[in-house]
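Throw the hints in and build the complete structure from the sequences for me.
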Amino acid sequence: MRFVDEFRSAEKARALAARITELCEPGRQYKLMEVCGGHTHTIYKHGLEDYLPEAITLVHGPGCPVCVIPMGRVDDAIHLASQPDTIMTSFGDMMRVPGSHGSFFDAKANGTDIRMVYSPLDSLKIARQNPGKRVVFMAIGFETTTPSTAMTVLRAKAEGLENFSVFCNHVTIIPAIKAILDSPDLRLDGFIGPGHVSTVIGCRPYEFIAAGYGKPVVVAGFEPLDILQSIYMLMRQLSEGRSEVENQYTRVVPWDGNLAALTAINQVMELRPYFEWRGLGFITHSAMRLRDGFRAFDAEALFEVPGVRVADPKACQCGEVLKGVLKPWECKVFGTACTPETPIGTCMVSPEGACAAYYNYGRMNRHRVVEVEVSRP
Amino acid sequence: MCLGIPGEVVEFLPDQADLARVDVSGVRRVINIGLLADDPPEPGEWVLIHVGFALSKIDESEAAAALQFLEGIGQAYADELAALAESRIE
Amino acid sequence: MSDRRASWVDEALREHEEHAAAGAVSDREQQVLDRIDRARRRRPRIREERITMSHGAGGKASRTLTEAVFLDAFRNPLLEPLEDAALLQVNGSRLALTTDSYVVSPLFFPGGNIGDLAVNGTVNDLSVAGATPLYLSAGFVLEEGLPVADLTAIVASMQAAAAAAGVQVVTGDTKVVERGKADGCYINTAGVGVVEHDLALGAATARPGDAVIVSGPVGDHGVTIMLARGELDIEADLSSDTAPMNGMIAGLLAAVPGVRAMRDATRGGVATILNEVAVAAGVGVMVEEDQIPVRTQVRGAAELLGIDPMYVACEGRLVAIVDGQQSDLAVAALRADPLGEQAAVIGRVTADQPGIVLLKTAFGGTRIVDLLVGDPLPRIC
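Which chain is which? The protein sequence lines are E, Z and F, in order.
For the first sequence, the working numbering assigns the number 370 to the initial residue and increments by one for each residue that follows.
For the second sequence, the working numbering assigns the number 73 to the initial residue and increments by one for each residue that follows.
For the third sequence, the working numbering assigns the number 8 to the initial residue and increments by one for each residue that follows.
Calculated directly from the structure, the hints in this document are not laboratory data.
Built from N, CA and C at the ideal position, the CB exists for glycine as well.
Fair warning: there could be bad hints in the mix.
[As the list claims (entries may be wrong)] If we take Cβ atoms under 10 angstroms as the criterion, some of the chain Z residues that face chain E in the derived model are:
#, residue
1, Leu75
2, Val102
3, His122
4, Gly146
[To be verified] Straight line, CA to CA, 27 angstroms or less: simulated DSS-like cross-link-like pairs of lysine-lysine:
#, chain 1, residue 1, chain 2, residue 2
5, E, Lys502, E, Lys701
6, E, Lys526, E, Lys547
7, E, Lys502, F, Lys188
8, E, Lys701, E, Lys400
9, E, Lys494, F, Lys182
10, E, Lys683, E, Lys547
[Claimed, not checked] Covered stretches of chain E (in silico footprint by chain F; criterion: 3 or more residues with CB under 8 angstroms from a CB of chain F, positions within the stretch not fixed):
#, region
11, 379-393
12, 446-452
13, 472-481
Right, here's the structure in full:
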């Protein structure tokens, strides 16, 4: 596969790993956070940590838009889906996320019409094909996905569709990163920046991290070599005492982002004053809702949702895992009460959540370090 | 947030603005290229696909540059290891 | 705003309390991993009140259902191995008995139809148990409104498949249900075969040093069906790999005395079989990602959807565990058959981390291959 296979080469990985190791100051420990759940997934799926020296720890951040949806919002979605003559459409990622009385899968077992789609455009197609039903699209995702929902709403409007609406749960990445940076119990040395979010928002929004907090940021692609190279670039910045925003993913990420995408988002949506993030609490200006002018496509405006807040159980330590304070296996309920089949908290809920990724892929004796010869002492 | 796959634009759909057929390793899907309206891709160009939309064009020269950098690091490393090995023999 | 607690969580936590009381909860990583292993070996319990699609996917949920409901009720030594077929001693002859139901939708897809699956699937389940397949039964549940022409086509395919495999359909049954049920047609087949050798085949016999071999590219059937359903709007030139493997298997057994076990890689895919072997034999399994054959298009579709071909169903692929010294012989024997052209050794059985399947990625790192809860679901993240 072009633009994929070339970035999965093991030999090049060894070279990068050697360089990374050389850049480690003796006696110093480094904590680098990858914000994006997709990066967490790649790291575990390819066994990337095997290439890193013990001095470097990767901390898994809150960039999993499925994980951060509070249980109460899942309940709301199921409530919407359960109304008469309604078809709920959703990405596969949401299907097993449990609300307080079960997941979309469980609701489906109870007879609710919930269908999995690959794209919001597929949801639109279902709406066209079922004029007698109301079709709701469960919109989730960071800024990578938000433009697609916005474009779909614009298309629905242009076609004059009357039976299509969106239950908007889009969130934004910068407030989450800021919450991490402002957290008192965390010490991070640098950030592996989200690659695909950046195709939309560009690299400028991260400048406050480098300038204001003095932490380097490297916007990274999703193949294992992309991530390794980004770690190398971060280590180089740290060893040279720099803190800047750099773009490793230049083949896809434009520095200024995608104006058409930002325009579409802005046309259709606005920031909510605040939104609850599971595990992180309420964050201001961190999520989107449809503007008044698009009321006709806003499921929350058109229909009643219970809006009940469901608290996470006390035993849940997701907040600390999300902020990188705890490793997944350090959580007291990890792997026993909380497993991918019975996820108690957000980090286990989606396959790219830190705990799920570790449970599914990384739960093993860590002797397997790839032998890397360091040529310069 | 994240699952974006590179695909090659094969053709535009005749009477559907904004829609193009892409190819990913022989698998084809129609996607919306409306987000690239400012600089639409031509057949033969590659785009990043996410949930049925093209988010960005893949800049082939940047990709080549990235690979060259990796190639370079790989070669420099191999050279150093070879030099190291040689010096050990003596 | 009022708060509501999720009741199912309380139950999970209660179980954890009981479990934690049994041994000190520690913060050292290895002890945590051991604790998790013990938790995984607990007696399986169904938590759900209703059956969900996950229970049919071949992963953890299916396994729990089988053990907690069926095995629990029917428990007997012949059932317990839970292999693809049961091995029976009847009046001095060793027989194999198997059954399968076919509920695929759509009924017709590139590469075949539900009828082909039904015959080949049962032939294969008997063959991997080491039996020569002989006789099949075929039970039909038909939906009111199904075109007779469709049924005729399905049955014609079944006869062709049976003839190709050298078996006969000797008994059957038909039921009709109201419009809206049975998705057109469901088929159940049961099969009986005779074991004519002395080999004691079974996943539990796998031992460190054995080779893990796959007979061809994985994921063809499952991806073909996913695309054929038409919901994903993806076009690809792919077809199901449904085929009877009895000829290929006979060739393998004739040439290679050191075959320990064979499995038909159906729902749950190759990954599920590897996990079953690891657990049944109490061994580790280590496979290499770049040795696993996958067709380019299956890979493309899987990348696009974010699913892993290792978990995707095949319908004409074999996973064989073979004495490590005879792996070349086994691959050659498989390749001698047209169905086994791309047979390859994909890994080894090890003594390392029993019960766990490890994968060395093409990138060079290592990770676990665990059972999924249910079907692999397309993802966006």
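Each hint, compared with the structure:
Given hint, Z/Leu75 at the interface with chain E, holds; its Cβ is 6 angstroms from that chain's nearest Cβ, closer than 10 angstroms. Interface hint at Z/Val102: satisfied, since its Cβ lies 9 angstroms from the closest Cβ of chain E, which is below the 10 angstroms cut-off. Hint on Z/His122 holds. Least Cβ distance to chain E is approximately 6 angstroms, under the 10 angstroms limit. Taken as an interface hint, Z/Gly146 checks out: its beta carbon lies about 4 angstroms from the nearest beta carbon of chain E, inside 10 angstroms.
Proposed proximity of E/Lys502 and E/Lys701 is contradicted: the alpha carbons are some 46 angstroms apart, above 27 angstroms. Between E/Lys526 and E/Lys547, the direct Cα distance comes to roughly 35 angstroms. Violation of the 27 angstroms bound is thereby established for this hinted pair. Between the alpha carbons of E/Lys502 and F/Lys188 the distance comes to roughly 22 angstroms, so the proposed pair stays at or under 27 angstroms and holds. Pair hint E/Lys701 plus E/Lys400 holds up; C-alpha atoms about 22 angstroms apart against a cutoff of 27 angstroms.
For the hint linking E/Lys494 to F/Lys182, the alpha-carbon distance of about 36 angstroms lies beyond 27 angstroms, and the restraint is violated. Taking the CA atoms of E/Lys683 and E/Lys547, the gap is about 25 angstroms. The hint holds against a cut of 27 angstroms. Interface restraint, the region 379-393 of chain E with chain F: holds (3 residues with C-beta to C-beta distance below 8 angstroms; minimum three). As drawn, the region 446-452 of chain E meets chain F at 0 residues by the rule of a beta-carbon pair under 8 angstroms; below three, the given contact is violated.
As drawn, the region 472-481 of chain E meets chain F at 5 residues by the rule of a beta-carbon pair under 8 angstroms; at three or more, the given contact holds.
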